[in-house]
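Enquirer: The hints should help you fit chain G onto chain P, whose structure is shown.
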Amino acid sequence: MKRAALLLAIVAAPALGQSNQAAAPMANVQLPDAAKERDAKALMETLRCVVCQGQSIADSDAEMAGDMRSLVRERIAKGETPDRVRDWLIERYGDYVSYDPPLSGATAPLWIAPVALLVIGALVAARSFKRRRR
Amino acid sequence: MKRGLLIWVPLAVFVALAALVLYGLFRPDNTVIRSALVGKPLPNFALAPIAPGKPGLAAADMKGGVRLLNVFGSWCIPCIAEAPQLMALKERGVEIDAIAIRDTGPAVQRFLNENGDPYARIGDDPRSQVQLSLGSSGVPETFVIDAQGKIALQHVGPINANDIDDILKAVEDAK
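Note that the protein sequences, when read in sequence, are chains P and G.
In terms of UniProt numbering, the first sequence is residues 1 to 134.
In terms of UniProt numbering, the second sequence is residues 1 to 175.
The shape of chain P in the complex, shown without the other chains (with noise of 0.2 Å):
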């Protein structure tokens, strides 16, 4: 009997931080047209969960997740663009909530390292095939 009811706080526990409330109506219902289910699933895998952090709301089970699933997918259905429904939740998280990085001040290095880096390799290789020829 203890030992169920220890079992029972170890399954319970996590649900706590969680409603009891059912999924909302498009969390996990894909869009009847094809084609907009593909962009809504494509924008889902670069958007990220909120709660979790580390999870895109693709590949994340929070409520939340869930929340922002439904919510891609009713825009998307309306008719909105992917880069709109981006947009629109950028306003409100800021860049953190996307996995597509603008450019801007503080990414510039993340998109100009590899450049630079590959650049600064070719000069290296190019010097040093010139010296062993001579």
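For the record, the hints were derived by calculation from the structure and aren't laboratory data.
Ideal Cβ positions, reconstructed from N, Cα and C, are used throughout, including at glycine.
Check before you lean on any hint, since a few could be wrong.
What the hints assert, rightly or not - List of simulated lysine-lysine pairs, DSBU-like, C-alpha gap at most 35 Å:
no., chain 1, residue 1, chain 2, residue 2
1, G, 90, G, 40
2, G, 90, P, 78
3, G, 90, G, 169
4, P, 78, P, 41
5, G, 40, G, 169
6, G, 90, G, 150
7, G, 150, G, 63
8, G, 54, G, 175
9, G, 40, G, 175
10, G, 54, G, 40
11, G, 175, P, 78
12, P, 78, G, 169
13, G, 40, P, 36
14, G, 63, G, 175
15, G, 40, P, 41
16, G, 54, P, 78
17, G, 54, G, 90
18, P, 78, P, 130
Claimed, not checked - Only some residues are given here: those of chain G computed to face chain P with a beta carbon under 10 Å:
no., residue
19, 21
20, 23
21, 27
22, 73
Expert: Here is chain G on its own, set in the frame of chain P:
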């Protein structure tokens, strides 16, 4: 001479990278996500009532006077811890409205009976859609809405006893 100096460049780069990584490792983890709407007007919304005898909540209700907007849920444990502080704020003359996230009427009523009722109005947000439009990422969260209907402050997490002065100051500043 020039070559002699050049030899140290990779080591210097390595040390700089190691320092950056160590800084990242030991910096305290900050997982709070702030709403990007602080300083901007409260987005428009209109929510139905949820508790018996308590009106619902629309953005228009929050104009003309400083008010707190508390985002809570009867199923949220930290919200219980926060309740006495909200009651204290109400006693100090602060007007508080609320949005109940993913909740039911009977559950909200029970929550208010057990923990006190500081709210003038409570809006029903069954699928967190208004919460998402506020840039709020959990419960409880509290927004200070100024007299012009702009979001003056966002408090993430429960209001503790030592947060009350900050909230009162923000309310005073928002007048």
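Enquirer: Output the indices of the hints that this structure fails to meet, ascending.
Expert: 2, 11, 12, 18, 19, 20, 21
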